[in-house]
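Student: The primary structure of each chain is shown beneath.
2 protein chains.
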Amino acid sequence: MAIGTTYDFRVEPQDVDFTLRATITSMCNCVLNTAGVDAQSHGFGTDILMRSDRSWVLSRMALEFDILPEQYTKFTIRTWVNDCGRVLSVRNFVLSDDKGNVFGRVTTQWCMIDMVRRAPVDLSEVVELHRMYISDEPAPCERPHKVLTVNPQHTTEHRIVYSDIDFNRHVNTMRYIDMMLDILPIEMLAEHRPLRLDVHFIKESRYGHTLTVGYEQKGDVSLFGIRSDDGEAVCRASIEWR
Amino acid sequence: MAIGTTYDFRVEPQDVDFTLRATITSMCNCVLNTAGVDAQSHGFGTDILMRSDRSWVLSRMALEFDILPEQYTKFTIRTWVNDCGRVLSVRNFVLSDDKGNVFGRVTTQWCMIDMVRRAPVDLSEVVELHRMYISDEPAPCERPHKVLTVNPQHTTEHRIVYSDIDFNRHVNTMRYIDMMLDILPIEMLAEHRPLRLDVHFIKESRYGHTLTVGYEQKGDVSLFGIRSDDGEAVCRASIEWR
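Line by line, the protein sequences give chains A and B.
In terms of the numbering used here, the first sequence opens at residue 1 and continues consecutively.
In terms of the numbering used here, the second sequence opens at residue 243 and continues consecutively.
Certain hints may be false.
A few chain A residues that face chain B, going by a derived Cβ cut-off under 10 angstroms, partial list only [said to hold, decoys possible]:
1. V16
2. T19
3. D47
4. M179
5. L184
6. E204
7. Y207
8. H209
9. T210
Computed Cβ-Cβ distance ranges for the label pairs, DEER-style [stated by the list, open to error]:
10. E379/B <-> M132/A: 12 to 22 angstroms
11. Y449/B <-> E128/A: 35 to 45 angstroms
12. E232/A <-> G450/B: 38 to 48 angstroms
13. D408/B <-> Y207/A: 22 to 32 angstroms
Quick caveat, the hints were computed from the structure, so don't treat them as lab data.
Backbone N, C-alpha and C define an ideal beta-carbon position, used for all residues, glycine too.
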């Protein structure tokens, strides 16, 4: 049985870059907001989880965009959960324009953490309670790929400031995406080639730390690795330009 | 005759900081989006102006917040234009919670520029066409104060990257606000004192330039000055903590 909910969006002026098309970051933002709103409407959102000091944490995501929509374009995001094991829950998304043409496919993997113990929560109980919201519709694209080593040809440093952090004082997911796009030659972002972005969030980083963002171009693939002060990997990602 | 239009908002999770209240930047964003949507609905939005290579440019703004609303708070923004001379148009905003209590007052000054000649446009014609949308209701707070010299006690550098720029390849207004808040001691932002923010946009800054952000604390007033590579002032601002 296919289960899913569809949400309406429009590409607003603050969502576009100098090409007047939506940025990858603004699309990620819409996707993650949809995840939050949909989980909340089904009773397993962060608002409810916080009462027992638990929270969803995004572990990996893969996003495919055939095209990035132009300013003022109306689009929809349909989302569904299709898998939930003891550790990971998989939430999927399909982005379509107002003629129903699919232009984006996303799959995300989440774990739930106990914020006091800083440890993962067994999701079996959540599955039991919310089985009716788990669909058998497969993910619309391949699951997130592993990004292994990155041998940076370019690096930049980024001190984590107030505007980078979220309610947890951790760097906001969208800011990692920004840091990676910011190190690319800007012309690559103006070409608007179809793309696939894989992101693996490894470790949280906090206010006051300094991150090193590394970038390696390998043919049609851009690889990114973000490390914290202590040299530990914080986030790794790749963009395949198709 | 009081004329104005009211728009509905909610403080979303991406709008809050670690105190779980809306950031000043997210409130500015809502205010400026309201300006854009309202101008568009009345036929003098950037979408129409762009056809004749003209655009609204924000020159000065003053924002007063008694409190910053908590996550998930519903609020409204009422906006009206109450003055339009040959050079400047004044647009005002009142922010109210869902019980009708006013918690924010904003007044903004805009000029219109010819993007080919890079020169201001005489607004007399605009006034003639849109007189019915100009109200006699006064601004809800004092007009933007001038911020004169800033003698920085602290400075940071900021290279302008892709995620900072708007459709014009200029630094986005919200990013200037971020840069100023980011240099403040973070505890000041956690205190949530009532505040008044005055911002004066002096000159555009572009991709690839490096900005120097200066900050001076003078009693209960935080002063900010942003300069570009060539030493010219780009933006000056003050926050009065009340």
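Student: Flag every earlier hint the structure violates by its number, smallest first.
Tutor: 6, 8, 9, 10, 11 and 12
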